[in-house]
Amino acid sequence: MRTLKFLLQKEFRQIFRDPAILRIIFIMPMMQLLLLPMAADYEMKDIKLTVVDQDHSSYSQQLISKITASGYFKLIDYSASYSRAMEDVEQDRSDLILTIPPKFEKDLVKEDESTVFMSINAINGVKANLGGAYLGQIIQDYNREVRLKWIQFPRFNPEPQIDITFSNWFNQRMNYKYFMVPGILVILITMVGSFLATLNIVKEKEIGTIEQINVTPIKRHHFILGKLIPFWILGLAILTIGLTIARVIYGIIPTGHFYVIYVFAAIYLFSILGLGLLISNYTSNQQQAMLISFFLMMIFILLSGLYTSIDSMPGWAQVITRFNPVTYFIEVMRMVVLKGSGLRDIAGQIFTVLGFGIVLNACAILSYHKRA
Amino acid sequence: MKQFISFVKKEFYHIIRDKRTLFILLVMPIVQIIIFGFALTNEVKNSAIAVLDQSKDAASAELSQEIDESNYFTIQKSLNNASEIEPEFKKGKIKMVVVFPQNFGSDLKHFNKAQIQLIADASDPNVANTMVSYASRIIMDYQNRVNQELKLPYTIKTEYRMLYNPQLKGAYSFVPGVMSMVLMLICTMMTAITIVKEKELGTMEVMLVSPVQPLKIVIAKAVPYLMLSIINICTILLLSVFVLDVPINGSLVLLILESILFILTSLALGLLISSATDSQQTAMFISLTGMFLPTIMLSGFMFPIENMPLPLQIISNAVPAKWFYIIVKSVMIKGVGFASVWKETLILTGMMLFLLFLSIKKFKIRLA
Amino acid sequence: MIITENLTKRFGHFTAVDAISFQVKKGEIFGFLGANGAGKTTAMRMLCGLSLPTSGKASVAGFDVFKQTEDIKRNIGYMSQKFSLYEDLTVIENMRFYGGIYGKSDAFIREKTAYVLKELQLENEAKKLVKSLPLGWKQKLAFSVAIFHEPSIVFLDEPTGGVDPVTRREFWNLIYQAAEQGITIFVTTHYMDEAEYCNRVSIMVDGKIEALDSPTGLKQSFAAKSMDEVFLKLARKATRTAN
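Protein chains in written order, with the numbering used here: chain A, 1 to 372; chain B, 1001 to 1368; chain C, 2001 to 2243.
What the hints contain is simulated information worked out from the structure, not anything from laboratory work. A few of these clues could be false.
To be verified - Below, a sample of chain A positions facing chain B; criterion: calculated Cβ distance under 10 Å:
1) I123
2) Q161
3) Y176
4) K203
5) S309
6) E331
Unchecked claim - If you want the footprint, here are the derived chain A segments under chain C, 3+ residues with CB under 8 Å:
7) 12-19
8) 204-215
Quick reminder that beta carbons are idealized off the backbone N, C-alpha and C, glycines included.
All chains, full assembly: derive it from the sequences and hints.
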């Protein structure tokens, strides 16, 4: 026990004397939290539109006005030829081309039917889908207006109409930041906790001071606890800093209780630090450790549901996400912050991550050999 | 020249002998492509939703079934009353609830007007938006089909054509992004770390004392990573074409040349970082926060640049990966030629020269 | 204090240490010499419990190197080639740390720290970071830290590398003092003049002990005027060099 006290004293002194680490601990979170949420916005607005109007009728004009009035689209070009419009798309000046053929109005009135053509830059599939859907909706609305003009409908509307009303819960203003910031906080804690812990141990290996420890009667679990505890505390410190930034800059106040977040964070850090320790046991220099940690971290982050939803992933990928501690923390963070979930709601996640932690740390202790 | 080659050889030995690192450097792009190509998508597929059917008639049942049968949704639960909605959302599995009010079917039949309410869990506004859009579309399609039977006059039909990516594969927008990421990582971060490592170990001084110009020593360090990167580009392109079915529509030669340009830019960046730091840890963190994160966030491949606040849009112009991403998209997927990307190429070249100049200058100052 | 019997260490097909047998008495200053690659460091690591022997027997301070390594570690001190003091901790902090992890009481640590500071004349540097000390002082401090917890044996791995002759002599004075207090000293070096300071010396060549005697005895056996000559005569036979 006393041994542990001496170990911890040494570790903390070393951490706080290292200017590089301090900068990393404070600057990185701030930068990430400030920049990332501002950049992350998938909302569809100002979709760039080129209209090729080959009809130039009052109807085509009305349709175009209606489209531009919707706010979803930005009219970039109003050109006469399709090939010019295609150039727009090729040069990324435009996302969508709406072609109104000649005799649009005439055909609609005389033949009862007319067709418009949409060409959509589908490199980003979702954007294309949504853009097409919005435009399609506007055209349909316009269609209804045209019909009303021509036909005096009896009191009861013969055109069956389903009115769809929308309601957004938990994030009334559909603010993407509310969704991203908790997730980014998780990433930060993971990186600081795991990365730094791994690097710390490997650095001692590289310099040679670890041999000095191996020669003493310090027990393995003391040594590992001595490495784990400082970074565990640091991780929680970052969490606090992050939550403060989230509150001050983004006005995000968790709907649920803070203690739920901290309880889970404590268990999560235990788990992720175990992983970091395990990695450090198998690498001999900092460069390797950095690369391996980064590689694993990247896979974890990508397959965690931070950027893209887990439900849309294929089966095998979903299985991987279930073995990824980051997934659980992001779930928990979002649930507590946005929906106010409580300890009971996240019991499943708590037990899973605890399980991971026990396994990882046990492996770390067992694979640490004081003797080669 | 011969001395330079012996330095390059030594650097190669370092890398080849560190099997773990080499393995990761070569395997990483493959893993990324697989993840991005197959696992990640912003699309909504088989999303778990719930239905609160207060009407329970033929129409609501039919519509529910259509929603369930679509690729987008899977109805996991049938709720019995509105108070069940919030706890379901809190549990976290259900992302949207479709509510049919009472008398849905009869209202539609007799008054030709009925309501449906879509309640979305807007924690993830993006997914909520998409789900609501798709659900609306399904409902409208249903409505249209009913209308068709009535043969309404004055119908505007819409025909869609998806350009470049008719199957709406997510891979098309990701592959160019993965290329940028991998190259940036290897060229900038690894190069920086390698050079700083020699500084840390003290062996840099030994080399500086040799008759080879210091600049050549540093360039010799970069050469193996240049080769590695080219190998990685080939891997990525091969995977894209044969595994992801993302074709290379434009000129392969142009693509590779532009990639080399980007590699050189990233290497110059790595050089700059290494001349400014003394410890490997710092080099790594500067690479990550200063280069890598901005590359992911601001290059346009994960998040659309046009949605960002203006200051970020301006900053994104300084990120080399942004220009490279545009070039790769244009050449590889749209199939255009040099004439369409000359502007971006020029910018990238300018960046490379500037970075090179800056890092050489800084390097010389440090030695003096 | 140290007894080895055919102690062997093999790495695959390569035999680094080949069946060495020797004994070291309490209070002895025992020099463990050999060319680079001869197997000195490997042998020492086995005795410290840092490496598991492949075969043979050995005991240090009465404890078996196979089964009782933790007991061995409690009773030995160790100073590695790289000195292993924490550069980013102060002089006092290093002493307190090592005193603490060997289980010494706070009172002991306080007294001993004051004593060492006085002995090494480092009182003014007590609160300075180790990295700011010149090499010679670091090395003397490292030795004092290695014996801070008053072990019965201390292992020194090339402790005087890169240091000027005056400082080396001062260092050896510290070693003599420790030996007088009853601490057994096991030191590896390839400064042959230091070999003269030892009570007995063993020379390893290609993993085997080719000579073991007092310096005077060795010089007689090999008809040499200095330990340098003895060493050269033996080393010429070596087929292994450091890789």
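- request: Return the numbers of the hints above that this structure violates; sort them in rising order.
  value: No hint contradicted; all consistent.
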